[in-house]
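J.: Spelled out from the first residue to the last, the chains are:
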Amino acid sequence: MAVFQKTDSSATDAALAYYTPGADIHDTKAPRGPIEKKWAQRQFGAKLVNPANRRKLTVIIVGTGLAGGAAAATLGEAGYNVLNFCYQDSPRRAHSIAAQGGINAAKNYRNDNDSVYRLFYDTVKGGDYRARETNVYRLAEVSTNIIDQCVAQGVPFAREYGGLLDTRSFGGVQVQRTFYARGQTGQQLLIGAYQALERQVNAGTVTMYTRHEMVELIVKDGKSRGIITRDMVTGEIKPWFADAVVLATGGYGNVFFLSTNAMGCNNTAAWRAYRKGAYFGNPCFTQIHPTCIPVHGETQSKLTLMSESLRNDGRIWVPKKAEDCVKDPRQIPEEDRDYYLERIYPSFGNLVPRDIASRQAKNMCDEGRGVGPEVTEVTQDGTTQQRRRGVYLDFSDAIGRLGKKSVETKYGNLFDMYAQITGENPYETPMRIYPAVHYTMGGLWVDYDLQSSIQGLYVCGEANFSDHGANRLGASALMQGLADGYFVLPNTINDYLASGPYETIDENTPEAAEALASAKARVEKLLAVKGSRSVDSFHKELGAIMWEYCGMERTEAGLQTAIAKIRELREEFWRDVRVTGVNEDFNQALERAGRVVDFMELAELMCIDALHRRESCGGHFRRESQTEDGEALRHDDEFAYVAAWEFGGDGAKPILHKEPLSYEFIELKQRSYK
Amino acid sequence: MKITLKVWRQANKGSAGSMQTYQLDDVSEDMSFLEMLDMLNEQLTSKNEEPVAFDNDCREGICGMCGVVINGSAHGRYESPVATTTCQLHMRNFSDGDVIEVEPWRAAAFPVIKDLVVDRSALDRIVQAGGYISVNTGSAPEAHSVPAPKRLADRAFDNAVCVGCGACVAACPNGSGMLFTSAKIAHLANLPQGQPERMLRVKAMIAAHDANGFGGCQNIGECAAVCPKQIPLESISALNRDLIHSLFKGDGKTV
Amino acid sequence: MAETTRSVHSQALHSTVVKKVLMALTGLVLIAFLLMHMFGNLKIFIGQEAYNHYAEWLKMDLLYPFLPKGWFIWIFRAVIAACLVIHVYCAAKLWAVSLHGRGSRYVKKKTRDQSLASKIMRWGGLTLLLLLIFHILMFTTGTITPGFTYALHDPYHMFLGAFSVWWVFAVYLIFMIVVCFHVRHGFWSAFTTLGANVGPTARIVLNVLAYFFAALIFVGFILPPFAVLIGLVP
Chain A
1394 MAVFQKTDSS ATDAALAYYT PGADIHDTKA PRGPIEKKWA QRQFGAKLVN
1444 PANRRKLTVI IVGTGLAGGA AAATLGEAGY NVLNFCYQDS PRRAHSIAAQ
1494 GGINAAKNYR NDNDSVYRLF YDTVKGGDYR ARETNVYRLA EVSTNIIDQC
1544 VAQGVPFARE YGGLLDTRSF GGVQVQRTFY ARGQTGQQLL IGAYQALERQ
1594 VNAGTVTMYT RHEMVELIVK DGKSRGIITR DMVTGEIKPW FADAVVLATG
1644 GYGNVFFLST NAMGCNNTAA WRAYRKGAYF GNPCFTQIHP TCIPVHGETQ
1694 SKLTLMSESL RNDGRIWVPK KAEDCVKDPR QIPEEDRDYY LERIYPSFGN
1744 LVPRDIASRQ AKNMCDEGRG VGPEVTEVTQ DGTTQQRRRG VYLDFSDAIG
1794 RLGKKSVETK YGNLFDMYAQ ITGENPYETP MRIYPAVHYT MGGLWVDYDL
1844 QSSIQGLYVC GEANFSDHGA NRLGASALMQ GLADGYFVLP NTINDYLASG
1894 PYETIDENTP EAAEALASAK ARVEKLLAVK GSRSVDSFHK ELGAIMWEYC
1944 GMERTEAGLQ TAIAKIRELR EEFWRDVRVT GVNEDFNQAL ERAGRVVDFM
1994 ELAELMCIDA LHRRESCGGH FRRESQTEDG EALRHDDEFA YVAAWEFGGD
2044 GAKPILHKEP LSYEFIELKQ RSYK
Chain B
19 MKITLKVWRQ ANKGSAGSMQ TYQLDDVSED MSFLEMLDML NEQLTSKNEE
69 PVAFDNDCRE GICGMCGVVI NGSAHGRYES PVATTTCQLH MRNFSDGDVI
119 EVEPWRAAAF PVIKDLVVDR SALDRIVQAG GYISVNTGSA PEAHSVPAPK
169 RLADRAFDNA VCVGCGACVA ACPNGSGMLF TSAKIAHLAN LPQGQPERML
219 RVKAMIAAHD ANGFGGCQNI GECAAVCPKQ IPLESISALN RDLIHSLFKG
269 DGKTV
Chain C
2 MAETTRSVHS QALHSTVVKK VLMALTGLVL IAFLLMHMFG NLKIFIGQEA
52 YNHYAEWLKM DLLYPFLPKG WFIWIFRAVI AACLVIHVYC AAKLWAVSLH
102 GRGSRYVKKK TRDQSLASKI MRWGGLTLLL LLIFHILMFT TGTITPGFTY
152 ALHDPYHMFL GAFSVWWVFA VYLIFMIVVC FHVRHGFWSA FTTLGANVGP
202 TARIVLNVLA YFFAALIFVG FILPPFAVLI GLVP
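So the protein sequences, as listed, match chains A, B and C.
Residue numbers for the first sequence follow our numbering, so the first one is 1394 and each next one is one higher.
Residue numbers for the second sequence follow our numbering, so the first one is 19 and each next one is one higher.
Residue numbers for the third sequence follow our numbering, so the first one is 2 and each next one is one higher.
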């Protein structure tokens, strides 16, 4: 294995061929002073809006997940005129609903030395020191309010017999700060936000538009003033105007086609904003979760995550000999099994962090020791090969040690889910798992106020880049979504709205007319191609490229190949895609086509970002940057910054703005799990 | 395996629909039901025909967006040994040569939008009427200030798992949304936080249920039989208890 | 919609659930009445005197001296009739709501937990109404008198005469089968509507009781006519 030779000269940065360096970002609007006072100071410093004037101010919120739903409900309660959009048929469907594990909060109910500071520290460290200290501290600070709020809304968190809330430890941290609602925490929190939202719909402060997809952003004089949506039932493409726009549109994991995201999750809203001037932060930071159910074949449409908690009792292994891979695992004797995580990481074993567990599973399968059905893959040299993509997660030891009953109590619902999807009985044969794309830490760049680089455009939840750095800790996504939606955004957006209402605009305003015309033109262009290949076939091919070259392990040459392939694919798409039907109808092929167009552009930016970041950190592993033991090697001297990308124009290079990360309160350390 | 599909095709809300027959030759038993429909759609697209419209999103049985009637049962419940959503029904529950009939949810409250897609916004309107606890952001007391008995919290949870898919309405011979409504009532009525608005909530939600075109409940039990989240029929009884009780209280007389 | 102008309380008061509750309460009264009627019928096995005396007592003496002689039966009839009217009125209303609620029909529909009894509840109810009218025309008003002559003070012989005719027995057999099914679902549904279905055990208990009362009413009602038909009652 090649060990990375440190190269300081930017002349050797192959990525320079793909981007233009821009000015650094120095001010993120966080107040000066001690970290524990910053948020209070900011709240005090932000301009207020007189309650009587709030009704006159319109806020558009796109997305109804934890961040969007919570923000819409809260701004509605405050008295603003809120327009809330989602592409699903109900706000309750947003994909926050699928989160299983739990939500962190620094309540210290266990008296186990937890504190806001410790949660802050764990999150920054877990993010491999690529998150902004100020934002993360605030996240930890408001985490406790989230639990209070959710309990008051009627979220049925797990309780102990005394009637108080139960907590557990999650994601390798040593304190029990994770609140949970069986294996459906995301669902319960989302329903809480949904109920609060529907209450405001009833009160008339929020107007809900379901089955509406945002397809363009309206920017006038550098200010975000509205959006264009396509009504997914009638096809009507229409502008909406507001004093501020909030994007809470989730992550972009579906750029990989196969991910644990919902089928409809997309990056169009964020990408449209990017194209209008919003910076995109750290697009290459994606989290790949190790315990997912493997791909069954060509027709696989999405992947299903199984809770990480399975690694507490399950042992992960592959056969030592490749020829054993086709055998019934129960017939493979103990001495022919390779418990590779226990072998490589004797002290953490099967509980190593997500990125490591994922990468090692890939390594085993790359060596030809994967198990399960063979899947056809195109290799980096262009040939096709058959590979088994799966490793065993074996509970036979646990069943022997604890008894079947006890294993059933702990993991019964997960085992049932596995059995339903695979048709195999995990009590009898070991489960098969493989990593899958799960979460994207990258997203639209925002300042301390969650405002993007376009004035009046705010971004919250997974859609922004802010709090997780290069890797997200377990049970932190729900925390961030709700923190942004309930507590942060509603206390910062007023600073901007206080200068409103902004001048009235309508569809005749040139900027709005242009946005509307371009959205319509795009749809017409898609329908006019009338080629031979389905939208999905392009999406799958894009996903395969991204997974191969911009997945768990990235190389300079591979990323360059990927960029070339993506460009080729995009060209072919516009030449040969077949979008059936017409615009003025419920047309799912057209919806998907619009999303894939944006995914293809985003994919290129992700590869450029991955290419320029010549270090390994968190979910981003560059083969050229590893220690002698094959572990991730960060380069804090060169890369301790947020990469904020600015759209350079169609066919032009994107512009890189660096936001240097200074660690005033936490000392940078290299992670080690040996 | 080879599958013959009979799928309801309907251009839009106003037009008449009919069952159309399609043949699929290469269905694998590991595919989910929706992946099988994806396959059909790829086939239709390659023939330049319009794909079948169907709602779906998370494909892991939690968002509640998917739902079609398969061989006469909502989510294909009677094809599966366990409670399931459509997305979690797998083709291994069918055999080579099977004829599978696929229809949209049918109920007056759920007008068809296209093919297998229906409009379920009536369910949201029931929740809007009162399916919440009125607590503004920031005004919540400390979480441990009100303990909730575990037994009741667990019962609340059993009802809170409703995904709002509408299978109960689709399966009900009366097109009643009572199981859905009762799940929300029972969720909030079993928590201490839900008590202040309990009487008003049940009145308001029942009023909204009836006003949105749902049928009445006959205690038949088809709803609970197909429910992917196994909301029990008992919840409807709990709702009735609360409603009867509420009629003797003044809540809602001035609203 | 007129609905929106009414208060939430008033809307709840006019809701389907309240109509169900009224059906449940009146239905239970009617079941109680059936049980009482059934026990009266069984007196046919004791003999003419007992049977006729019972009928006389019911019509004239019951609750005397609290009520003047002969009053009880009219109050009783009024209550039963009121229950019936409320029951049928609510059923008709709910039927109409459900017909609308169902919308279009499925091309194919399979059911599993829906019992046969619940399936035929409404058409069965309608059948019962028609048979009830027939019953009143026979024994109460004496308009139709197959096999007997109307004699107000000798119901024993009316009974014997009527059920010696095979088709009268057949009509009553159908009557009782439909009653049996109606009670089977009605009993369970009434208690569920009133909130008694509190858990899985309650569900079983209520269903078992529903079967029990349905069977009891069927057997209790059909035994006397059957005995008459095969000549066991002199």
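Worth double-checking, as some hints may not be accurate.
Here are some of the chain B residues that sit facing chain A, going by a computed Cβ distance under 8 Å [said to hold, decoys possible]:
1) Met37
2) Asp75
3) Glu78
4) Lys132
5) Pro165
6) Pro214
7) Leu265
8) Lys267
Just so you know, the hints here were simulated from the structure itself, not pulled from any lab data.
All C-beta atoms, glycine included, are put in the ideal place defined by N, C-alpha and C.
J.: Hints first: check each against the structure and report whether it holds.
T.: Cross-check of the supplied hints:
A hinted interface residue such as Met37 (chain B) counts as satisfied when its beta carbon comes closer than 8 Å to some beta carbon of chain A; here the least separation is about 19 Å, so the hint is violated. With its C-beta approaching chain A no nearer than about 4 Å, Asp75 (chain B) sits inside the 8 Å limit, and its interface hint holds. The interface hint given for Glu78 (chain B) holds, since its Cβ lies 5 Å from the closest Cβ of chain A, which is under the 8 Å cut-off. Hint on Lys132 (chain B) holds. Least Cβ distance to chain A is approximately 4 Å, under the 8 Å limit.
With its C-beta approaching chain A no nearer than about 3 Å, Pro165 (chain B) sits inside the 8 Å limit, and its interface hint holds. Checking Pro214 (chain B) against chain A: minimum C-beta separation of about 11 Å lies over 8 Å; hint violated. At about 22 Å, the closest approach between the beta carbon of Leu265 (chain B) and any beta carbon in chain A exceeds 8 Å, and the interface hint on this residue is violated. The closest approach between the C-beta of Lys267 (chain B) and any C-beta of chain A is roughly 20 Å, which is over the 8 Å cut-off, so the hint fails.
Checked against the numbered hints listed earlier, the structure breaks hints 1, 6, 7, 8; every other hint is satisfied.
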